[in-house]
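Trainee: Spelled out from the first residue to the last, the chains are:
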Amino acid sequence: MTSTLPIVDHPSAAREFVTNEPRSHWHDDSLWFVRSKRDKQAQSIPEWEYLREQASTIKNHTIAKLPEYLQQFEANATRLGAVVHWAADAEEHNRIVLELLRRNDTLRIVKSKSMLTEECGLNEYLIDNGIEVVDTDLGERIVQLRGETPSHIVLPAIHIKKEEVGDTFHQHLGTRAGESDPQVLTEAARGHLRGKFLSGEVGITGVNFAIADTGGLVVCTNEGNADLGVSLPRIHIACMGIEKLVPRFQDLSVFTRLLARSATGQPITSYTSHFHGPRDENSELHIVLVDNGRSKIRDSKTFRESLNCIRCGACMNTCPVYRRSGGHSYRATVPGPIGSVLGPAKNAKAHKSLPFACSLCGSCTDVCPVKIPLHHQLLAWRKVLVGKRLVAWNKRMAMKAASFLFRNPTLFAAAGYFGRVSLKVLPKSLTHNRFNTWAKDRDLPEPPKESFHEWYAKNRPSGAATASKEERS
Amino acid sequence: MSVALFIPCYIDQFFPDVAIATLTLLERLGVQVEYPAGQTCCGQPMANTGCDAETAPVAKQWVERFAGYDAVVCPSGSCASMIRNHYADYFGPDDTEFQHLRENTYELCEFIVDRLGVRSIPGRYPRPASIHSSCHGLRELRLGACSENMTPREDKMRLLLESLDGIELKSLTRVDECCGFGGTFAVAERETSVAMGIDRVTDHISSGSEVMIAGDMSCLMHMGGLIRRRNMPMSVKHIAEVLVEAMQEGSPDADRASSALTNP
Chain A
1 MTSTLPIVDH
11 PSAAREFVTN
21 EPRSHWHDDS
31 LWFVRSKRDK
41 QAQSIPEWEY
51 LREQASTIKN
61 HTIAKLPEYL
71 QQFEANATRL
81 GAVVHWAADA
91 EEHNRIVLEL
101 LRRNDTLRIV
111 KSKSMLTEEC
121 GLNEYLIDNG
131 IEVVDTDLGE
141 RIVQLRGETP
151 SHIVLPAIHI
161 KKEEVGDTFH
171 QHLGTRAGES
181 DPQVLTEAAR
191 GHLRGKFLSG
201 EVGITGVNFA
211 IADTGGLVVC
221 TNEGNADLGV
231 SLPRIHIACM
241 GIEKLVPRFQ
251 DLSVFTRLLA
261 RSATGQPITS
271 YTSHFHGPRD
281 ENSELHIVLV
291 DNGRSKIRDS
301 KTFRESLNCI
311 RCGACMNTCP
321 VYRRSGGHSY
331 RATVPGPIGS
341 VLGPAKNAKA
351 HKSLPFACSL
361 CGSCTDVCPV
371 KIPLHHQLLA
381 WRKVLVGKRL
391 VAWNKRMAMK
401 AASFLFRNPT
411 LFAAAGYFGR
421 VSLKVLPKSL
431 THNRFNTWAK
441 DRDLPEPPKE
451 SFHEWYAKNR
461 PSGAATASKE
471 ERS
Chain B
1 MSVALFIPCY
11 IDQFFPDVAI
21 ATLTLLERLG
31 VQVEYPAGQT
41 CCGQPMANTG
51 CDAETAPVAK
61 QWVERFAGYD
71 AVVCPSGSCA
81 SMIRNHYADY
91 FGPDDTEFQH
101 LRENTYELCE
111 FIVDRLGVRS
121 IPGRYPRPAS
131 IHSSCHGLRE
141 LRLGACSENM
151 TPREDKMRLL
161 LESLDGIELK
171 SLTRVDECCG
181 FGGTFAVAER
191 ETSVAMGIDR
201 VTDHISSGSE
211 VMIAGDMSCL
221 MHMGGLIRRR
231 NMPMSVKHIA
241 EVLVEAMQEG
251 SPDADRASSA
261 LTNP
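Residue numbers (the UniProt record's numbering), protein chains in the order written: chain A, 1 to 473; chain B, 1 to 264.
There could be a bad hint or two in this list.
Unchecked claim - Cross-link-like lysine-lysine pairs, in silico, DSBU-like; alpha carbons within 30 Å at most:
id, chain 1, residue 1, chain 2, residue 2
1, A, 388, A, 424
2, A, 440, A, 458
3, A, 400, A, 65
4, A, 428, A, 371
5, A, 449, A, 400
6, A, 458, B, 60
7, B, 60, A, 400
8, A, 388, A, 37
9, A, 395, B, 60
10, A, 388, B, 60
11, A, 65, A, 301
12, A, 388, A, 400
13, A, 428, A, 440
14, A, 196, A, 162
15, A, 428, A, 449
16, B, 60, A, 383
17, A, 346, A, 424
18, A, 371, A, 40
19, B, 170, A, 40
20, A, 346, A, 296
21, A, 37, B, 60
22, A, 349, A, 383
23, A, 40, A, 65
24, B, 60, A, 301
Claimed, not checked - Simulated DEER-style distance windows between Cβ atoms:
id, chain 1, residue 1, chain 2, residue 2, range
25, A, 88, B, 232, 33 to 43 Å
26, A, 411, B, 68, 33 to 43 Å
27, A, 435, B, 57, 48 to 58 Å
Treat the hints as calculated values from the structure; they're not laboratory data.
The model shown is predicted, which means the values in this text are computed figures rather than measured ones.
We put the beta carbon where it would ideally sit given N, CA and C, even for glycine.
The shape of chain B in the complex, shown without the other chains (with noise of 0.2 Å):
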């Protein structure tokens, strides 16, 4: 199986931590990745704002980066979603290319645990931390089971987090609320999208977490912008970073092993 890395634009840019996260853990389960040259974003920023126009060479220019491959895996489950969900709107229904990217482009713990079917990773992550669904990776990927939906779906990132020795997972009050960052909407309705932002963050400290969780670096970059302003007692991860960070703490060569993985 050839699977392609698609980072997007913002992880590349400002959280490289992430990318190699996630490139070293799909690595440590075996998986050959390349990471196909000239990759930028794929549009979402221009599709949310209801620019076709601009979003068109975009998402065609990332259809042809990718082509030729199996999958494609992107830590990020609102990048994965626009491909999967909102990408037919600029590629005709016989386009044989992009209708294959479409059905395996994968959310990173979407597709450890459906396409190579890695259900548990051995490592020991031994503190409180908290889960934040992020809405793309909920709503659009059915990444896990929502609380307005009633039908019972397994929720890949817990499935994942559980499986860590140690951890201890902490219960919020709103389970999976919008964050507020929403894209352009952050900056455009900035009251509003603070006031959410904060309301999370307020959640998942009074849940007694120490880490917030998430599987989009997007929710995470406004909410730990929010931390960081007002000092709040709480850090932010990828999923990426903390089963990796899992992965070394939990294996018996754990000083070499880090040494190898973490920040170039």
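Isolated chain A (complex conformation) (with noise of 0.2 Å):
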């Protein structure tokens, strides 16, 4: 489905969000709330970069050793009773879940957050295939009852102010008009999720992560929803890409101390649950084991170290450009940084404009609980994209400008001297025109009346700068 995916810019994908001042500074401060809380759980473990060196290498180990892990895990999971499916890509996954419905005559889903089946495009491919189709946690079910899409991967609804939830719900479940009292708000949902809850007859969860030696899962939530959807009814469907694994059950807690404080500030998550095997002799577990382009990504020895990521959305709350622009300008199932390595690698065309939707400030890097060098990464893939020429041909006819007048200094000398009198001479209205897209907000530099090379010449005619402080005075 992503190969029809129109082309994102994101500048203009950006623009609404963006200069509606009181929603892109309401939104930045709702998640700078939540990257602060993030710092002072970092800080209280003295340990933090050390857990964030051991991660990197338990995940850098596991990536390189893929096929391995994932076939003692097959092993292991299916020794504990558990069905593993393998997809290559998002369609086959959605057959698989859509058979495995039908073949137990199920018409009603309950569902907990995943990302992989955003990714895959599930809700949809079930709903034409007639199923209904729950998102069980808050906010997915918000965005969901809007007919949105995540706009974050840990936070949904992020971009949601609670009046709009008040009236979303006043829509669709009956609550009061006007009411946006998150305690009422919450109940309601809570009351209408219960509902659905018992009326689900199979419950899909994502995987946060798989343990290799032991065949089991771990599923992270807040709201106990993913326990709660596969409770009750007899079937589970676990949706987990390759990437997931973890080799040992002991390396899990690397992975679980740096999760919950790296997406919400939290130290750990309400709900961490494990699955190993089926919960008894009448029900069943079905895993289904997606690629969908990440055998791909780890064949990049650039971009390999991206599968590392545990999807804490660590990386948005810090990105001083998605804070602002907002996880749907990205236009891709996993926005901000992480999204902006991913989304290309998927369709590089698509998503052309996102590796150039960074300031290149890096403290997306730094706030990486597995270390993956998103900044690099987007500089790397802003090469693949001007290699593979989808890079504006006015941006790189520009770049070759600048190169050559680079290479002659002469040549530079004369460019910055007419530059700078035609700032002077010139009038501002003709400076400072609709076509000079920094000056629309931004006024250029009063241009100095020569350049350091001219009064390097001057003041210092021997060409060497060797006069002493006295010798200047």
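Since each chain sits alone in its own frame, please combine them into the complex, following the hints.
Mentor: Structure (structure tokens):
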């Protein structure tokens, strides 16, 4: 489905959100609040950087030996009584899930939050095939009722204000018009979802971690909805990307300590649930292992580390561009810095503007709990995109011209002189015109009367700065 | 020690005072500095756009111009980082000339603190000011501790500024957030870039600061442009200018020194 995506132009997709100043500020402040909470948690752990290093090492090792660990996981999960399915892409994943539902005459499912099923477009696919799909994570339920997609991988409804949630719930759940009290709204959602949980025939969850040496799965939520969703139905389908593996049970603690702290600034998620095979002899546990482009990323020396991602969302919370432009401006299942790395890997043409939606501040790299060098990968993507001729012609031409200028010092000096003089003699209406994007909101620097080159030639005629302070005074 | 001064292209053309202050500062600290002829740009604009073919010859030229010096000093963390962290793409691992430059190219404060071992500047700067920690200096050169990372690091710029008499360094609510310049990002993503810049300036002004001090003129060019367009109550200064000004104000023969050292 990604191949049919329209080409995203991040700057124009961001415009409405970022220029709505109160909204952009509110969004920015909400996420900054989460990042500050994360900082406090990180500061409370003396071995924080050691943990990151451990996590990165474990992940690099796992991804390097992924085929072995996947086989080990499959063997152990099967031994526990789970049924393991392999899906090469989103379509195969969706087909497998639908087939499992049909085999059990299921018409409605309850689903916990899973970015993988978002990535695969499972909801739309199942709905098209006559299945009622209920997202049970509160944020996901809100965006689902609104007919939207999550704008953040951990906080899917972070772009929606509580008043807007009130309107949505009034429309769909019959709450009082104008209700915006979070307590009341949450209670309404709780009541509404309780009925759905009870009528769900199959529970679908995502997977945060899968453990190769035990065959177990770990699902982390703050609402307990995954547990509720799979406790009542007989069948549990767990959908996971193949990169979710950790080798040993003892490796898990490194990640559970990092995940919630990085994601929401909590010491640990409220529910960290372990699943080892089906609940009992009458139940079924199906695990769908999905590749969907991950092997391709694994083959790339440059971008391989992006598979280390544990989907904590910390890079989004810290990204000054994401915070202001909103998650939807990326038009990708995973937005923000990591999304801007993963998006072009899926479809370089459709997501070509995303690696440029970044000021290269590097905050994402330092916040990442598994040490993915995110801003370096974004820079690397820019090179790949230029190589694929997916960078705008005028941008490439400008760089060709600049390069030529910089290789010819005399020409460079002349161009500088011309620029300074024009700035000085031309009226501001000409230099700060509407074609000058820089100057729409910013003044150009005051032109100095001479460059440093010129000053140096005049003031240090010998060419070498050997004059002492005394000689000059 | 033979030291070369690398003045980035935009400082050369638009902010010569910063270059003069850098030169003056180094000389007053007893360093003999040479300004190699024919230098232009490190190639960062092309590299950040992903245009490797356009960057490579500029990088090669840069290395040719600066080869043979014991150290290179640059009043921009971003450009120094370009050489240290990104030039390796354009040179072989056995290119000794480049390897030497890579290890011996410094941002100005880094050079003063790490290479010269100077930890305080005799000077006076009696006004409320605030530091804008530019991202590349902070997260690529590690000139200070950044708020995301828990590794303790000495803040080189702050160390030098705090050593000045009378300076009152104000605290920001977001100590090291990006100003939104980001090279071509400032134009390609104008709205987001401007929103980021205004937020930064507002944080500085709200702190009670009158002067925003940074080690990178590119960030200051962006925020300075926003400030001037909106007549906001704040001025921007490169740290080299602040240190030189402070040295002049602090010296007993301030008048004589300032006439010799300020604008040509």
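Trainee: Hints numbered earlier in the text: which of these fail when held up against the supplied structure?
Mentor: The structure conflicts with hints 1, 2, 3, 4, 8, 17, 21, 23, 25, 26 and 27, although it agrees with all the remaining ones.
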